[in-house]
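If you read the protein sequences in the order shown, they are chains A and B. Heads up: the first sequence at position 71 corresponds to 72 in our numbering, and the numbers run straight through without jumps. Heads up: the second sequence at position 410 corresponds to 463 in our numbering, and the numbers run straight through without jumps.
Incorrect hints may appear among the rest.
Claimed, not checked - In silico lysine-lysine, DSS-like type, Cα no more than 30 Å apart, as pairs:
1. B/LYS259 / A/LYS79
2. A/LYS75 / B/LYS329
3. A/LYS6 / A/LYS145
4. B/LYS378 / B/LYS463
5. B/LYS57 / A/LYS90
6. B/LYS108 / A/LYS145
Stated by the list, open to error - Beta-carbon label-pair distances, calculated as ranges:
7. A/GLU132 / B/VAL405: 18 to 24 Å
8. B/ILE76 / A/ASP181: 42 to 48 Å
9. A/TRP232 / B/ARG72: 25 to 31 Å
Calculated directly from the structure, the hints in this document are not laboratory data. Virtual Cβ for every residue (Gly too), placed ideally from N, Cα, C.
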Amino acid sequence: METDKKIILRAENLIKYYYEPVKFQALKSISFKVYEGEFLSVVGKSGCGKTTMMYILSTMDTDYEGELFISDEKVTGKKSDYLADIRNKHIGFVFQFHYLLPEFSCLKNVMIPALKLNKYSYEETEQRAYEKLDLLGIKDQALKQASKISGGQQQRVAIARALINDPKIIMCDEPTGNLDSKNTDIVVDIFSQLAKDYGQTIIAVTHDKDFAVRSSRTMEMKDGEILSHGW
Amino acid sequence: MKFKVNTDIALTHLLTRKRQTLIASLGVTVGIGIFIFMISLVVGFNKDSDESIFKSVPHLRIYHEDEVCKPLISEKISGYMPVIVNPKISNLSNNLINPDKLISDLKHQPDVVNVTQQVSVNIFYNNGKSQINGITSGVNIVEANAMFDIESVMLAGDIRDLLTTPNGIIIGVGIADKLNIQINDYMSVISSIGVGKVLKVVGIFKTSNSSVDDTKSYINLAVAQQLLKQSSSYVTDIYVNIIDPNKAPNYSAKFSALTGYKAEDWQAANESTMAKKQTRKVMFGSISFAILLVAAFGIYNIINMTIKEKMNDIAILKATGFSGKDVMNIFIKETLIMGVIGTVLGLLVATVLIHFLSKVYIGGDVGFFPIDYEKNVYVAGAIIGMVITIAAGYIPAKNAAKVDPIEIFKK
């Protein structure tokens, strides 16, 4: 256990129930810590609660018991607009089904969270968006409409979008689900590099064994409980 | 392309769905267009009917009101029971005492633009055996013209001839036709108290209002006084015009107090016309409001649909850090843009409609259709249009703000 590192995310006794169609306990008092610069993968069978946990960690789901801290700040119970701000500044997302805005160009999709953050000028933001797309090898697709490119390309655009605001934490739900092994390698390399060189933390829910193996830590879940923390 | 990000997103949504945007905007266009058109119609028509009223009615008329006899002893004194059996109208003259003083007092009042005196006489117009009864007004023709614009309805002759012809008369075209009288002919008149006079026709007018054309005539004040066997200080009515005729009721009490006689505003004198005017206003107002309401539902519907289709986008925006307020802002902006497009087009449509209708010839005393571009109506239309659009967009936008991204992602 690397105790000298800073804790970036801490979950304490997370409990989540679903009430539809029948009452069901999806998370059974989960507690764990994630350190800064970690590349954590979360594995487990379908229905083990890893996606549910991810949504709670993302601050989008606020209907749970227990407490969640991000960089030592308690986010449980905060107002939704404040949480939106936190997401914008500190969290980048890659969703399972890529989820781009279909009417916008790939470039614009990447730029939107940065425009919302409004830290850089429009030109700078555009420049940064190009850099991120280049990083993922899809700069040539930048001006195409998001709905007109392949699934793998969309997923990479989504990853570029997650990186644009240089978030402290990047959360991914099956980030390589649509990618071939070559592109998976690219993404894993990028994530490893981000964690190592920039101290960004990556939390990825995945089914992909190759992906999990290459992460710095693998947490395993089963039936709403953590089977192993991976250290 | 350097709009703020919310505006940018709103514009992209609208531009990628040009047809829906246009249809929703056109809903507003039709609503606003018809609204302004209809209201202009009413305003124009009312203006025209007011104008035709003011051709024969002053804004305020000051006269000696007939009074029914009252007991001299007050009822309050005990022991007496004052009774007048079968009371009649007191047989005083209708004369306004010291009219010159009253006129000069009135002329010094603020907002008064025109004051003129006149003597009304019920008379018979005769030519040979044929006889028509009517009313003649003894006037100073120049003053009366300033008030009623008699000149504009003259068919033959000149009103100023009345000044140079003491025994002159200007008659309505209906009287001239029925008595077969041409200009410069002589005709005899007999007043209600039996005084007869032979007068020279110096002018014929046509107002296209047959009840006026068939009965009304103008003579010199002195002749009218002679027809009633009265002195030269005898005046029955003083007419007053003020700057804004719609404010006439505000002045009636004031002028009554000033003169000691009854001052009647034209609205009170023409109650049925006023009632019709009000009815028209309510009728057209409610029809156009209904149209606006339908347009509002159109906008509501389209924004609602847009939001249903954009659930995914809303969820992504929220996940990447857009707050509920931002999402609401985006959709309100979309409605706002549609509202502005619709309203601007609506103003254009209204202008075109008004332009064409104002070219339609109706005839009679109306002439061309009485409709005009009313600035106030345009402003009101634009404001109402925008308010309704924003209200229609607000409800769905508020719902969009509440969208829970988790619910969407799980599907």
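Do the hints match the structure? See the list:
A C-alpha spacing of about 82 Å is found between B/LYS259 and A/LYS79, which places the hinted pair above 30 Å, so the restraint is violated. With a C-alpha separation of about 70 Å, the suggested pairing of A/LYS75 with B/LYS329 is violated against the 30 Å cut-off. With a C-alpha separation of about 42 Å, the suggested pairing of A/LYS6 with A/LYS145 is violated against the 30 Å cut-off. Between B/LYS378 and B/LYS463, the direct Cα distance comes to roughly 23 Å. Compliance with the 30 Å bound is thereby established for this hinted pair.
A distance of roughly 18 Å separates the Cα atoms of B/LYS57 and A/LYS90; the hinted pair therefore holds under the 30 Å criterion. For the suggested pair B/LYS108 and A/LYS145, the alpha carbons sit about 72 Å apart, so the restraint of at most 30 Å is broken. Take A/GLU132 and B/VAL405: their Cβ atoms lie about 53 Å apart, and the range 18 to 24 Å is violated. In this structure the supplied range 42 to 48 Å holds for B/ILE76 paired with A/ASP181, their Cβ-Cβ distance being about 44 Å.
Hint check: A/TRP232 to B/ARG72, Cβ distance near 57 Å, so the stated range 25 to 31 Å is violated.
Of the hints listed earlier, those the structure fails to meet are numbers 1, 2, 3, 6, 7, 9, in rising order.
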